[in-house]
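A.B. asks: With the hints as your guide, set chain B onto chain W.
Chains as they are written, first to last, in our numbering: chain W, 4 to 290; chain B, 21 to 360.
It is worth saying that the hints were derived from the structure and are not from the lab. Hints should not be assumed to be uniformly reliable.
Unchecked claim - Computed list of lysine to any residue pairs in SDA-like fashion (alpha-carbon distance at most 20 Å, straight line):
| # | chain 1 | residue 1 | chain 2 | residue 2 |
| --- | --- | --- | --- | --- |
| 1 | B | K119 | W | R202 |
| 2 | B | K119 | W | P203 |
| 3 | B | K200 | B | P170 |
| 4 | B | K119 | W | V206 |
| 5 | B | K200 | B | E259 |
| 6 | B | K119 | W | S209 |
| 7 | B | K200 | B | N45 |
| 8 | B | K200 | B | R221 |
| 9 | B | K119 | W | Y72 |
| 10 | B | K119 | W | P120 |
| 11 | B | K119 | W | A204 |
| 12 | B | K119 | B | Q151 |
| 13 | B | K200 | B | R229 |
| 14 | B | K119 | W | L193 |
Remember, it's a predicted structure, so these values are computed and weren't measured experimentally.
Here is what each chain is made of, one letter per residue.
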Amino acid sequence: MGGGIGGAAFRLMRRGILLAPLWMWLLMLVAAPVLIFGVMAFATPSDGVPPFTLGFRFAAFAMLVEDFYYAEALLAALRLAATTAGLCLLIAYPMALGMAGVRPAWRLPLLALLMLPFWTGFLLRLGAWIGLLRDEGLVNHLLRGLGITDAPLALLYTQGAMLAGMVHAYLPFAVLPLFTALIRLDPALLEAAADLGARPARVFFSVTLPLTLPTAAAGFLLVFIPAAGEFVIPELLGPPEAQVIGRVLWQEFFQNRDWPLAAALALALLALLILPIRWFQRLGAGA
Amino acid sequence: MLKATGLEKRFGAVPALAGLDLAINAGEFFALLGGSGSGKSTLLRVLAGFEAPDAGALTLDGQDLLPVPPWARPINMMFQSYALFPHMNVADNIAYGLKRAGVAAEERRSRIAAALDLVGLQWLETRRPQQLSGGQKQRVALARSLVMRPRLLLLDEPMAALDAGLRERTGLELRALQRKTGAAFIMVTHDQQEALALADRIAVLEAGRVAQIGPPQEVYARPATRFVARFLGAANVLEGRMRDGVFESAEASADIGTGLPAATIAVALRAEHIRLTNADEAPVMTGILEDAAFRGDDWLLIIRLRGGARLRVVHPAPPPAPGSAVGLAWGAASVVPLFA
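With the rest of the complex left out, here is chain W:
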C-alpha cells in the first residue's frame, strides 16, 4: 500500500474511471427506463404520438387493483416462473453433477455444448419447438408412424409446450452456477463421507446438497427473475388462457395502446421482483 493522500486520490480516481462504464450502463438501461415508466404510469392515454399526455393520475394503478385480471396475470407469471425454475433445478443438478464428475479435459467441451443453443437465434429455437410439437409436426408423425396414436395429439399451445420452451430457454442459467459450485467443492469432503460409510446417494444428500444449496437457490432466482417477465414463449407455445403478465403487458402496449396502464403493470412486476432480487444479491454475497 502507500502513496499517502495523493495515492489515495489517485486510487479513487482510477476506481471512478474503471466504474464509469458500469454507472453509465446502469443509468441508461436501468434508471432511465424506470424513470420514464414512472412518468408514463401517471399520464393519461390519448390518441397522439406518443399515445399519452403527461399528467398526474392514479387511474392506471387503480385499474391494476380493481380488475382481478391483472392480479391474476401477475400470479400466473410468478407461478410459471417458479415452476420453470423448479424444473430447471431438478434437471440442472444431475447435469451439473455429470459435468463436474468427468475428467477436467472433458469439462470445456461439455460447457460448450451447454452454451451451444445460445449461438442460434432465440426465435429460431422456438420455431423448432413449434415444428416439433404442432399437429403435423415431428413428434406426432413419429407417434402415428409407430402406431401409438391414430389422431394427432394436441401438443402445441399447451401448458406442457410452454414449460418445455421455458425450461429449454432458461436451463443454462441453473446449470452454470451449480456446475461452478460443484467443481469448487473439496473432493476430500466427499471422500471423507464415503470413508465414514456413506454410499454415493447418501454422500449427495448429506454433503453435496447441503453445501450447494445456497448456489441452487441462486440458480433458482437466476431463472425465476427473468422468467417472471417472459412473454414470447407463452405467446408462441402456450395455451391462450396462459395470460402471464409479460403477455398482458405486451397487449396493453401494442394492441390496446394503453401505455400508462402498461407502464404501471411493468412497475408492479418490478416491485414484486425486488424481494427475490435482494435475496439473490444476499446469496451472491454469501457464496
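C.D. replies: Quick look at chain B alone, frame taken from chain W:
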C-alpha cells in the same frame, strides 16, 4: 493383518506405484516415508479405496479388499486437510459415521462423548469447524475417525497443517492414542523426524516401491541403499568398489574400511559419526575445510577430500578457519555398506 502385493498404479504415463509390496501388523504404528512423487499418498488412497490399482493384490485378514468400495471398508482415514463437514458442528461431524453404521442415538451420544474425551475437546461439541483452530480441527478429525473403532487408521500427513510448535506435542499424543486404542496406524509423511520419532516400523518409498522397511533405529543406522541413506538424516555417500576385501573410493582417493560384503557399491557415513582428529592422532583421512555453519548445538562442516568428494561433518566446537587442512576419523562400525 493388511497385506499388499505387487501393487501398480499409473496416472497416464507416470507410474505412482510400481510393484509395491507391504505387510502391516495389527496394532502397530507404521510410517510411510517418502518424497513427493514417491507414491506414498497414492498407496494410502488405494488402501482407503479411493483409487483402484492397475495390478496387484490387497487383503485384510486374508479377505480380498479390492472389490470392497470405500464405504464398506473397515478402514478409516484422516485427511491432510481434515475434511471436516463445514455445515455440521463438531458433534454432528463425529456422529456422521456412527449414523451410517446404524448406531442407536443413545450409544451414539456416549461414543461421541468418549471420542471427544479421548482427544480432550469435550467443550467444543457445538462449534462449527470454521470456529476451530488448526490443532482443534486435527483432533476433531481424529475423533471422527477413531469413534468408528477402526482396526486400521490411515493418516495422510496428519501434522503437515499444524504450526511447527504444535507438531512435536501432537505427534506424541498421536502415538499415545494409538497405544490406547490398539488400532494399527499407517501414517504418510515426508518428515523423517516425525516418522523416526513415532513409528514402530517405517517404510521408505522410492519411485513407487519400498526401498527399505524396518524399525526406525535399524533403517536409520543401516540404510541399504544410497537413496535411503541420503533421505534419512542426509548421510554422506561415497562411491567406490570392493577390491580384495577393501572398499576403494576414487572420490575419497583412499580406501575405506575392510570386511565389507563383496556386493558393496557405495558406503554411507553419517555426519555425526565423523570427528576431527587432534594433532597427536593418526587420521583415517584428511581434507580441506571448505565451509562451516553454526547450527545452535553444533557446527556443520563441509570438508573436501583429496578425491573431490565433499563430506558433511557435525562438529561440537568452533571449527578451525576455512581453508585449513583437517584430519578425519570414525569408528569402523560407522561405515555402512550400500547395495543399490
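A.B. asks: Failing hints, ascending?
C.D. replies: 5, 9, 10, 12, 13
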